[in-house]
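These protein sequence lines map, in sequence, to chains G and U.
Quick note on numbering: this note's numbering labels position 92 of the first sequence as 92, and the sequence is numbered without any gaps.
Quick note on numbering: this note's numbering labels position 3 of the second sequence as 3, and the sequence is numbered without any gaps.
Derived from the structure by calculation, the hints contain no laboratory data.
Incorrect hints may have been included.
Not everything, but these chain U residues come out facing chain G in the computed CB check (under 7 Å) [to be verified]:
#1 24
#2 29
#3 31
#4 37
#5 44
#6 53
#7 62
#8 65
#9 75
#10 77
Quick list of the computed label-pair ranges, beta carbon to beta carbon [what the hints assert, rightly or not]:
#11 222(G) <-> 59(U): 22 to 32 Å
#12 225(G) <-> 62(U): 17 to 27 Å
#13 26(U) <-> 240(G): 42 to 52 Å
#14 36(U) <-> 252(G): 39 to 49 Å
#15 286(G) <-> 40(U): 24 to 34 Å
#16 226(G) <-> 36(U): 53 to 63 Å
#17 36(U) <-> 218(G): 13 to 23 Å
#18 62(U) <-> 236(G): 35 to 45 Å
#19 35(U) <-> 64(G): 35 to 45 Å
#20 36(U) <-> 263(G): 30 to 40 Å
Some chain G residues judged to face chain U by a derived CB distance under 10 Å, without partners named [what the hints assert, rightly or not]:
#21 23
#22 27
#23 34
#24 52
#25 59
#26 63
#27 113
#28 137
#29 142
#30 144
#31 166
#32 185
#33 186
#34 239
#35 258
#36 265
Ideal placement from N, C-alpha and C gives every residue a C-beta, glycine not left out.
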Amino acid sequence: MRASGSSPASAVSPAPAPTAVTDASTVRTLLVHGMIAGLLAGLCAFLPAYAAGEPPVRDSIALEETRSAASAHEPSAHEPSAHEPSAHGAAAPEQKEEEAEEELVSRPVQSTFGLATGVLVYGVAVGGIASLVFAVSLGRTGRFRPRTTAALVAGAAFTTVCLVPFLKYPATPPAVGNPDTIGKRTALFFLMIALSVLLAVIAVIVGRRLAPRLGNWSASVVAGGGYVLAVVVACLVLPANSDAVAADFPAALLWEFRLASLGVQALLWTAFGLIFGALAERALAERAPAERAAAPSGDVVRPAP
Amino acid sequence: MAQSIATPGGLPADAPAIPTPQDPIPLRAVAPWAVFGGVLMLVLLYFVGAEQGATSVFSGAGVHEWVHDGRHLLGFPCH
Numbered sequence: 001m002r003a004s005g006s007s008p009a010s011a012v013s014p015a016p017a018p019t020a021v022t023d024a025s026t027v028r029t030l031l032v033h034g035m036i037a038g039l040l041a042g043l044c045a046f047l048p049a050y051a052a053g054e055p056p057v058r059d060s061i062a063l064e065e066t067r068s069a070a071s072a073h074e075p076s077a078h079e080p081s082a083h084e085p086s087a088h089g090a091a092a093p094e095q096k097e098e099e100a101e102e103e104l105v106s107r108p109v110q111s112t113f114g115l116a117t118g119v120l121v122y123g124v125a126v127g128g129i130a131s132l133v134f135a136v137s138l139g140r141t142g143r144f145r146p147r148t149t150a151a152l153v154a155g156a157a158f159t160t161v162c163l164v165p166f167l168k169y170p171a172t173p174p175a176v177g178n179p180d181t182i183g184k185r186t187a188l189f190f191l192m193i194a195l196s197v198l199l200a201v202i203a204v205i206v207g208r209r210l211a212p213r214l215g216n217w218s219a220s221v222v223a224g225g226g227y228v229l230a231v232v233v234a235c236l237v238l239p240a241n242s243d244a245v246a247a248d249f250p251a252a253l254l255w256e257f258r259l260a261s262l263g264v265q266a267l268l269w270t271a272f273g274l275i276f277g278a279l280a281e282r283a284l285a286e287r288a289p290a291e292r293a294a295a296p297s298g299d300v301v302r303p304a305p
Numbered sequence: 001m002a003q004s005i006a007t008p009g010g011l012p013a014d015a016p017a018i019p020t021p022q023d024p025i026p027l028r029a030v031a032p033w034a035v036f037g038g039v040l041m042l043v044l045l046y047f048v049g050a051e052q053g054a055t056s057v058f059s060g061a062g063v064h065e066w067v068h069d070g071r072h073l074l075g076f077p078c079h
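Next up, chain G with everything else stripped away, as it sits in the complex (with noise of 0.2 Å):
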């Protein structure tokens, strides 16, 4: 609402910048920033999610193999020592035919190149999409700076992409679920993304029209106040997940697992938030900053409703 630099809006004359920096080109630039900002944030994440994820995930699986051989089966016969990282490793190729199934990737393998296979094209997934939020969200959500802005959408995007979900459909450890219930546990867990991502988008286009009549300060409120309102409706309205967890699987290894898991995902988005920024920012300095006269209501969701 700082309308800063109102009057002089007629004294432009862009000649350098714009005619260089297309639009178009300038949000191809910021794709590609967000996937590389994205990638080093997996980067960033992927040394704690090693050194405070896999340990649970060890564990977990050790405990699993506890109870399927507790259980009918009788692993002794096949392969001893199938899941021991410390055993085989280099053992993997040779496993039985019948093996192969449990047996595709080894354990080393798993939880080092695996893992951050996984947490970095997750990286660069999330930050590409998370910077073509951020092109829409420039100059529409206030008037903030390209690297606050940035920030606001990574810490957005962590809310209500995995904070929120996972209050309700938190992550869970290897050996917890039943795996005849995935399908179900799948479709609600990127229901409830997509709920969440929905809703939020309401809060911010329902905050910005307010903002003109409340103010910034208490149109955010009333928006951020809604959107846990309506989240908290959510959460009460979907199934539980009753079979995610078996109830005598130990509390404290579940614990230590979903806060690594939460952890590592708050990581990863506190660098991809700040990393992004920091690219944003010098990317878009060749770009006219804002030159309309910035009316007081210059701020709003659009021009045109």
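Please arrange chain U on chain G, whose structure you already have, making use of the hints.
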């Protein structure tokens, strides 16, 4: 920009090392990239997060097994 608009701080505006708040990028400039990039990124997300779980494009479990740990830690339902 070269017109040296006096900003409130009195600095010349042709030294825009620090970008000021910006005009929105027109949506029609964002749209093609949003479609192209959005689809591409969602495909990537699908392969990291869901392939060979609830649904499969490729048979087998190679993709699932490879990204197994990442899938769990990133919060996706894995199996």
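For each hint, the structure was consulted:
Annotation: residue 24(U) was flagged as interfacial toward chain G, and the flag holds, the nearest CB pair being 4 Å apart, inside 7 Å. Taken as an interface hint, residue 29(U) checks out: its beta carbon lies about 4 Å from the nearest beta carbon of chain G, inside 7 Å. Taking 7 Å as the C-beta contact cut-off toward chain G, the hint placing residue 31(U) at the interface is violated, the least distance being around 9 Å. Checking residue 37(U) against chain G by beta carbon gives a least distance of about 5 Å; that is within 7 Å, so the hint holds.
Given hint, residue 44(U) at the interface with chain G, holds; its Cβ is 4 Å from that chain's nearest Cβ, closer than 7 Å. A cut of 7 Å between beta carbons decides the hint on residue 53(U): the least distance to chain G is about 5 Å, and the hint holds. The restraint placing residue 62(U) at the interface with chain G holds, with a minimum CB-CB distance near 5 Å, inside the 7 Å limit. Evaluation of the residue 65(U) hint against chain G yields a held restraint, the C-beta minimum of about 4 Å falling below 7 Å.
Among the interface hints, the one on residue 75(U) holds; its C-beta lies about 4 Å from the nearest C-beta in chain G, closer than the 7 Å criterion. Because the beta carbon of residue 77(U) sits about 4 Å from the nearest beta carbon in chain G, less than 7 Å, this interface hint is met. About 51 Å separates the C-beta atoms of residue 222(G) and residue 59(U), a value inconsistent with the hinted range of 22 to 32 Å. A hinted range of 17 to 27 Å for the beta carbons of residue 225(G) and residue 62(U) is inconsistent with their spacing of about 46 Å.
For the hinted restraint 42 to 52 Å between residue 26(U) and residue 240(G), the CB-CB distance of approximately 44 Å keeps it satisfied. Checked against the hint of 39 to 49 Å, the pair residue 36(U) and residue 252(G) passes, with Cβ atoms roughly 46 Å apart. Checking the proposed 24 to 34 Å range against residue 286(G) and residue 40(U) shows it holds: the Cβ atoms sit about 26 Å from each other. Distance hint check for residue 226(G) and residue 36(U): the Cβ-Cβ separation is about 33 Å, which falls outside the suggested range of 53 to 63 Å.
Distance hint check: the CB atoms of residue 36(U) and residue 218(G) are about 39 Å apart, inconsistent with the given range 13 to 23 Å. Checked against the hint of 35 to 45 Å, the pair residue 62(U) and residue 236(G) passes, with Cβ atoms roughly 39 Å apart. Look at residue 35(U) against residue 64(G): about 42 Å separates their beta carbons, and that is inside 35 to 45 Å. For the hinted restraint 30 to 40 Å between residue 36(U) and residue 263(G), the CB-CB distance of approximately 33 Å keeps it satisfied.
Interface hint at residue 23(G): satisfied, since its Cβ lies 4 Å from the closest Cβ of chain U, which is below the 10 Å cut-off. Of the supplied interface hints, the one on residue 27(G) holds, with its beta-carbon coming within about 4 Å of a beta-carbon of chain U, less than 10 Å. At a threshold of 10 Å, the smallest CB-CB gap from residue 34(G) to chain U is about 8 Å, leaving the interface hint in force. The closest approach between the C-beta of residue 52(G) and any C-beta of chain U is roughly 9 Å, which is under the 10 Å cut-off, so the hint is satisfied.
For residue 59(G), the interface hint is violated, the least distance from its beta-carbon to any beta-carbon of chain U being 12 Å, above 10 Å. Interface hint at residue 63(G): violated, since its Cβ lies 14 Å from the closest Cβ of chain U, which is beyond the 10 Å cut-off. Evaluation of the residue 113(G) hint against chain U yields a held restraint, the C-beta minimum of about 8 Å falling below 10 Å. Of the supplied interface hints, the one on residue 137(G) holds, with its beta-carbon coming within about 9 Å of a beta-carbon of chain U, less than 10 Å.
A distance limit of 10 Å between C-beta atoms decides the matter here; for residue 142(G) the minimum to chain U is near 8 Å, and the interface restraint holds. Residue-level restraint check for residue 144(G) holds (minimum Cβ-Cβ distance to chain U is 6 Å; threshold 10 Å). Against a cut-off of 10 Å between C-beta atoms, the interface hint on residue 166(G) holds, since the closest Cβ of chain U lies about 6 Å away. Because the smallest distance between the Cβ of residue 185(G) and any Cβ of chain U comes to about 4 Å, under 10 Å, the interface hint for this residue holds.
The interface hint given for residue 186(G) is met, as the beta carbon of that residue sits about 4 Å from the closest beta carbon of chain U, less than 10 Å. Contact between residue 239(G) and chain U, as hinted, is not supported at the beta carbon level, the nearest pair being about 14 Å apart and thus beyond 10 Å. A distance limit of 10 Å between C-beta atoms decides the matter here; for residue 258(G) the minimum to chain U is near 9 Å, and the interface restraint holds. For residue 265(G), the shortest C-beta to C-beta distance to chain U is roughly 7 Å, which falls under 10 Å, so the interface hint holds.
The structure does not agree with the numbered hints 3, 11, 12, 16, 17, 25, 26 and 34 stated previously, though it agrees with the rest.
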